[in-house]
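Protein chains in written order, with our numbering: chain E, 2 to 399; chain F, 2 to 229.
Watch out, some of these pointers could steer you wrong.
Here are a few chain E residues that face chain F, going by a calculated C-beta distance under 10 Å [to be verified]:
no.	residue
1	Thr109
2	Leu121
3	Trp123
4	Ile378
5	His382
6	Arg386
In short, the hints are calculated from the structure, not lab data.
Backbone N, C-alpha and C fix where the C-beta goes; we use that ideal spot for every residue, glycine too.
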Amino acid sequence: MARAGSDGQTRRAFGVLIRIDSVTKRYPDGTVAVDRLSLEIPDRSITVLVGPSGCGKTTTLRMINRMVEPSEGRILLDDVDIMQQPVNTLRRSMGYVIQNAGLFQHRTIVDNIATVPRMLGWGKDKARARARELMERVGLDASLAKRYPYQLSGGQQQRVGVARALAADPPVLLMDEPFSAVDPVVRKGLQDELLRIQDELDKTIVFVTHDIDEAVKLGTMVAVMRTGGRLAQFAPPAELLSHPADAFVEDFLGADRGIRRLSFFPSAGLELLTAPIVAVDATAEQIAARDTTDVPYLLVTDLDGKPLGWSEPRELTAGSIAVDQLLPYGRPFVAGTESLRAALDCAVLSPTGWAVAVDGEGRAAGVVSQQTIGEAIRGAHAERRADGTAEKAQKVAR
Amino acid sequence: MNELFDMPSDIQQGYFGVVALHLREALLPVLAGLLVALPVAQLCVRLRWLYPPVLWVTTVLYAIPSLAFFVVLIDYTGLSELTVMIPLAVYSLVVLVPAIVDGVRSVPQETLAAATAMGFGPVRRYVQVQLPIAAPAIIAGLRVASVSSISLVSVGMLIGNEGALGNLLNSGMIYHQDRLIWLSVVGTAVLAILVDAALIVLRLLVTPWMPRGARKNARTTAVQEAAR
Numbered sequence: 002m003a004r005a006g007s008d009g010q011t012r013r014a015f016g017v018l019i020r021i022d023s024v025t026k027r028y029p030d031g032t033v034a035v036d037r038l039s040l041e042i043p044d045r046s047i048t049v050l051v052g053p054s055g056c057g058k059t060t061t062l063r064m065i066n067r068m069v070e071p072s073e074g075r076i077l078l079d080d081v082d083i084m085q086q087p088v089n090t091l092r093r094s095m096g097y098v099i100q101n102a103g104l105f106q107h108r109t110i111v112d113n114i115a116t117v118p119r120m121l122g123w124g125k126d127k128a129r130a131r132a133r134e135l136m137e138r139v140g141l142d143a144s145l146a147k148r149y150p151y152q153l154s155g156g157q158q159q160r161v162g163v164a165r166a167l168a169a170d171p172p173v174l175l176m177d178e179p180f181s182a183v184d185p186v187v188r189k190g191l192q193d194e195l196l197r198i199q200d201e202l203d204k205t206i207v208f209v210t211h212d213i214d215e216a217v218k219l220g221t222m223v224a225v226m227r228t229g230g231r232l233a234q235f236a237p238p239a240e241l242l243s244h245p246a247d248a249f250v251e252d253f254l255g256a257d258r259g260i261r262r263l264s265f266f267p268s269a270g271l272e273l274l275t276a277p278i279v280a281v282d283a284t285a286e287q288i289a290a291r292d293t294t295d296v297p298y299l300l301v302t303d304l305d306g307k308p309l310g311w312s313e314p315r316e317l318t319a320g321s322i323a324v325d326q327l328l329p330y331g332r333p334f335v336a337g338t339e340s341l342r343a344a345l346d347c348a349v350l351s352p353t354g355w356a357v358a359v360d361g362e363g364r365a366a367g368v369v370s371q372q373t374i375g376e377a378i379r380g381a382h383a384e385r386r387a388d389g390t391a392e393k394a395q396k397v398a399r
Numbered sequence: 002m003n004e005l006f007d008m009p010s011d012i013q014q015g016y017f018g019v020v021a022l023h024l025r026e027a028l029l030p031v032l033a034g035l036l037v038a039l040p041v042a043q044l045c046v047r048l049r050w051l052y053p054p055v056l057w058v059t060t061v062l063y064a065i066p067s068l069a070f071f072v073v074l075i076d077y078t079g080l081s082e083l084t085v086m087i088p089l090a091v092y093s094l095v096v097l098v099p100a101i102v103d104g105v106r107s108v109p110q111e112t113l114a115a116a117t118a119m120g121f122g123p124v125r126r127y128v129q130v131q132l133p134i135a136a137p138a139i140i141a142g143l144r145v146a147s148v149s150s151i152s153l154v155s156v157g158m159l160i161g162n163e164g165a166l167g168n169l170l171n172s173g174m175i176y177h178q179d180r181l182i183w184l185s186v187v188g189t190a191v192l193a194i195l196v197d198a199a200l201i202v203l204r205l206l207v208t209p210w211m212p213r214g215a216r217k218n219a220r221t222t223a224v225q226e227a228a229r
């Protein structure tokens, strides 16, 4: 299969890049790490292998670059058996990112990133220039170029690991629990960064994790594996959450899969009420003129339209607005771009039970009740059922 | 002042000639030991079962008194420098082999896996990744081996004229000249300190990538290793 350039027309046409064909890995002591696994890993997207420890996900990943040789079955890359090219040539065409980054502690950051280009015969200056370009791409300050790995934080080291894997511009990126060893805040940053980089570079990424949230967040396709190296389900994340194949997958997804699934429903359809919004300088007459039959509260905004807090109408009508007596409004959601999950979360956190929607600039766009959100959820479910294939819906930013 | 460094007639060189001979007889064996230890240690890393017997052999060799070595070697190498240096080279292995093995083994699994995944062959991986990262441990081993070798050269006196500063000590005792005894003992100590300092400088030069705190640890480990 010829790989198209990065022109916008063909880049989103997914084909199958890596075909794992009935692969088994059996160790000399009889342990079966991977059991007759077949998987078609789509081109230019992120495929996540997820499962409990001992499910063979890392073994599967390592068979793709032949760090582990399969006992049976075969793996095809671009329709060619991976056994047909020299092993080191194969490996240099696949970036590899590992837990704790695995940087060369005796080399500077820039030389770490330049490793594979140097091995491929690039000149020193060209390789370093490429390395600096990648540092910028993964969000590392240029001043770190001459530092050594021990001088960097765990998150920064992991960024170097990603940059190093991308250095020779390989079509395939293998990532083995790359973000497991960093704290949750840094991990979220790295995940967002990976999605951003993937948006620009369109690599074929195979990503191993034991964290189902990470799998659902990053994966275009998610392969859930069970102990003994068997595939439990291979599906897009939304389908995984709505239709787990069996009790194992359902259990692995956790108790709140229903809530998490809302991440895939857009909030764009929610009907927002604007009547309860008043500016902080509104007069008693203006407030009195508002229709408060649906909403027992008023959302007070500053002069720019940004929300300040909730107030009961009768307090407002009593006179001027006391800003320090307003009820907090919790975390607002961005109307349209954020999902129903964000909207529901907002409504649950709000002391009034009403969620505040804002526009891209943070100005109040309207308010919406838990009840309305509940109706939207039911509506979305009904739509999905009617639609059948709608599970392939684009993920909504959270 | 000249009289301070005057040598008795049975020493056929000036004082600094003796010091230079001492240094050569002490350090050439360590270098030879390193050249033997590097491949042996790599073999021990690759074949784990080999390490305990190899350690056992180096320890037994270390336990053989140098006098016994001399008796055997004199038949082959005569009363030469070589007869002194061969046992010293053999002794250095007891420190150098474990230093290199531990150093190479201390390379994190992730680093090795990353190197393999980037397409490093075994030789390239050993030379470009494992050895450089093991350098602090190897140099720590070299420090112990060198200092020990410098003190051991003196026994070469037993086979005649090959003990360098050891012969000077012997002469001092025969002629009851404290000056010669001091020249020998202080000379040996200063030599050991200078060589040790030179190896510390070497390590600082080759490991700009090490955090400050870890440097001390590498040495402590090697000394503990040697003391075992």
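Here's how the hints hold up against the structure:
1. A least Cβ separation of about 8 Å between Thr109 of chain E and chain F falls short of the 10 Å threshold, and the interface hint therefore holds.
2. Nearest Cβ of chain F to the Cβ of Leu121 of chain E: about 9 Å, under the 10 Å cut. The hint holds.
3. Hint status for Trp123 of chain E: violated, given a least beta-carbon distance of 14 Å to chain F, over 10 Å.
4. Violation of the interface hint for Ile378 of chain E is found here, the shortest Cβ-Cβ separation to chain F being roughly 43 Å, above the 10 Å cut-off.
5. A cut of 10 Å between beta carbons decides the hint on His382 of chain E: the least distance to chain F is about 44 Å, and the hint is violated.
6. A cut of 10 Å between beta carbons decides the hint on Arg386 of chain E: the least distance to chain F is about 44 Å, and the hint is violated.
The earlier numbered hints that this structure contradicts are 3, 4, 5 and 6.
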